[in-house]
Amino acid sequence: MNMNRKQAMRWISRSIDGDLAADQEKQLAAYLAKHPDLLAMRDDWTSYGDSLRSEPVANPPPAAAAWNDVRREIRRTDTPREATIPWRATVGWATALVVVMLGWARFMPTSPVSAISDGDGSDVEMVDTDLSDATVMVYKDTATDWVIIWVEGPHGNPSDL
Amino acid sequence: MTRTLHSIRQGAAIGMLLIGVAAIDVHADKVTIDATVILASNTDGQTDSRLSAIAPKLKKIFGFRSYTRFGGGSATIGLAGHGTVKLGGGGRLAIKPEPAKAGKIRLGLQWDRGDATLIKTTVVKRRGETIILGGAPHNGGKLIIHIVLR
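Keeping their order, the protein sequence lines are chains A and B.
For what it's worth, this note's numbering labels the leading residue of the first sequence as 1, then goes sequentially.
For what it's worth, this note's numbering labels the leading residue of the second sequence as 162, then goes sequentially.
Calculated from the structure, these hints are not laboratory results.
As the structure is a computational prediction, the values presented were derived from the model and not from experiment.
Wrong hints could be hidden among the right ones.
What the hints assert, rightly or not - Quick list of simulated restraints, FRET-style, between CB atoms:
hint: 1; chain 1: A; residue 1: 98; chain 2: B; residue 2: 210; range: 52 to 60 angstroms
hint: 2; chain 1: B; residue 1: 300; chain 2: A; residue 2: 145; range: 27 to 35 angstroms
hint: 3; chain 1: B; residue 1: 289; chain 2: A; residue 2: 94; range: 22 to 30 angstroms
hint: 4; chain 1: A; residue 1: 89; chain 2: B; residue 2: 216; range: 53 to 61 angstroms
hint: 5; chain 1: B; residue 1: 247; chain 2: A; residue 2: 143; range: 28 to 36 angstroms
hint: 6; chain 1: B; residue 1: 220; chain 2: A; residue 2: 97; range: 47 to 55 angstroms
hint: 7; chain 1: B; residue 1: 262; chain 2: A; residue 2: 75; range: 51 to 59 angstroms
hint: 8; chain 1: B; residue 1: 217; chain 2: A; residue 2: 94; range: 18 to 26 angstroms
hint: 9; chain 1: A; residue 1: 76; chain 2: B; residue 2: 262; range: 44 to 52 angstroms
hint: 10; chain 1: A; residue 1: 98; chain 2: B; residue 2: 195; range: 18 to 26 angstroms
hint: 11; chain 1: B; residue 1: 278; chain 2: A; residue 2: 94; range: 43 to 51 angstroms
hint: 12; chain 1: B; residue 1: 220; chain 2: A; residue 2: 94; range: 53 to 61 angstroms
To be verified - DSS-like, lysine-lysine: derived pairs with alpha carbons at most 30 angstroms apart:
hint: 13; chain 1: A; residue 1: 6; chain 2: A; residue 2: 26
hint: 14; chain 1: B; residue 1: 220; chain 2: B; residue 2: 262
hint: 15; chain 1: B; residue 1: 265; chain 2: B; residue 2: 220
hint: 16; chain 1: B; residue 1: 218; chain 2: A; residue 2: 140
hint: 17; chain 1: B; residue 1: 220; chain 2: A; residue 2: 140
hint: 18; chain 1: A; residue 1: 140; chain 2: B; residue 2: 191
hint: 19; chain 1: A; residue 1: 140; chain 2: B; residue 2: 257
Positions of the beta carbon are idealized from the N, C-alpha and C atoms, including for glycine.
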């Protein structure tokens with residue numbers, strides 16, 4: 001096989017990597033013997049590799065520590081927006097709430113808590129009668145939406161009042 | 162600091178606006194009470210033509226055979242004021258309206274006849290809604306007050 005310079009350089013690289021077959025190593029050695037500049041180049045490459053491999057390798061940080069670093073960096077870059085804009089909006093809404101509550105207390109009448117509710121949005125707060133032994137019934141007719149308060153005598157058919 | 166003060170001013174403006182809306186809703190109007198007294202009985206099958214609008218509902222709810230207009234009246238009363246509607250036959254309905262939450266009206270109602278209070282109640286209703294007071298015996302039937310809040 002006629003080796004040229006370009007192929008010789010490829011084979012030098014493969015030789016350093018240990019990928020050349022024995023007969024190819026012999027052919028490369030024969031070629032390099034005739035081309036001292038390429039031989040010097042191969043020695044330089046070998047030297048560079050040995051030098052790099054002899055350098056101490058820094059241990060990478062654990063994955064969890066790396067993620068913590070990423071999150072810390074995100075928080076650091078987001079701090080100005082989170083620390084100022086929501087706080088300012090909160091002040092505004094808190095002020096609105098206080099003003100509304102003060103206004104509500106000023107304008108709205110006090111009212112007792114509902115005592116009776118029909119559970120359908122209409123409140124009957126209180127029912128009473130002077131009729132002795134009478135029963136007062138409260139209900140809502142769902143068909144008409146009427147609230148009905150009905151007083152019934154003790155025997156269901158009392159005399160006229 | 163300037164932006165913070167701006168936020169406070171904005172919040173105060175929103176609050177005042179909401180209060181203004183609530184105040185208008187609470188204090189703007191009077192209420193009108195229409196009270197119709199009805200004698201319901203099973204002795205006569207005819208129904209008063211003046212009650213044609215509500216008679217079907219009365220029949221469905223109470224089941225009496227006849228309904229006759231017995232009396233009634235109307236009163237327009239300022240909120241937080243009070244008034245009375247004469248019901249006929251010595252009966253009267255005392256009314257005390259007040260503003261309540263969410264645009265409703267708290268209505269104090271007292272149905273008196275002679276010296277007796279038949280029903281005294283407080284209800285919270287919206288305009289256009291109906292309240293029925295009833296059950297007082299009369300001439301073998303029952304008196305019913307159909308009350309509409311306007």
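Evaluated hints:
1. A:98 with B:210: 52 to 60 angstroms: holds (59 angstroms)
2. B:300 with A:145: 27 to 35 angstroms: holds (30 angstroms)
3. B:289 with A:94: 22 to 30 angstroms: violated (38 angstroms)
4. A:89 with B:216: 53 to 61 angstroms: holds (59 angstroms)
5. B:247 with A:143: 28 to 36 angstroms: Between residue 247 of chain B and residue 143 of chain A, where Cβ atoms are some 31 angstroms apart, the hint holds.
6. B:220 with A:97: 47 to 55 angstroms: Since residue 220 of chain B and residue 97 of chain A have Cβ atoms about 51 angstroms apart, the given range 47 to 55 angstroms holds.
7. B:262 with A:75: 51 to 59 angstroms: Cβ of residue 262 of chain B to Cβ of residue 75 of chain A: about 45 angstroms, so the range 51 to 59 angstroms is violated.
8. B:217 with A:94: 18 to 26 angstroms: The hinted range 18 to 26 angstroms is violated for residue 217 of chain B and residue 94 of chain A, with Cβ atoms some 54 angstroms apart.
9. A:76 with B:262: 44 to 52 angstroms: holds (49 angstroms)
10. A:98 with B:195: 18 to 26 angstroms: Violated, at about 42 angstroms.
11. B:278 with A:94: 43 to 51 angstroms: holds (49 angstroms)
12. B:220 with A:94: 53 to 61 angstroms: Hint holds: Cβ distance 57 angstroms, inside 53 to 61 angstroms.
13. A:6 with A:26: Roughly 17 angstroms between the alpha carbons, so the hint for residue 6 of chain A and residue 26 of chain A holds.
14. B:220 with B:262: Distance ~33 angstroms between residue 220 of chain B and residue 262 of chain B Cα, so the pair is violated.
15. B:265 with B:220: holds (29 angstroms)
16. B:218 with A:140: holds (13 angstroms)
17. B:220 with A:140: Satisfied, since the Cα-Cα distance of roughly 15 angstroms is no more than 30 angstroms.
18. A:140 with B:191: Holds - the C-alpha atoms of residue 191 of chain B and residue 140 of chain A are around 26 angstroms apart, at most 30 angstroms.
19. A:140 with B:257: holds (22 angstroms)
Hint violations for this structure: numbers 3, 7, 8, 10 and 14, all remaining hints satisfied.
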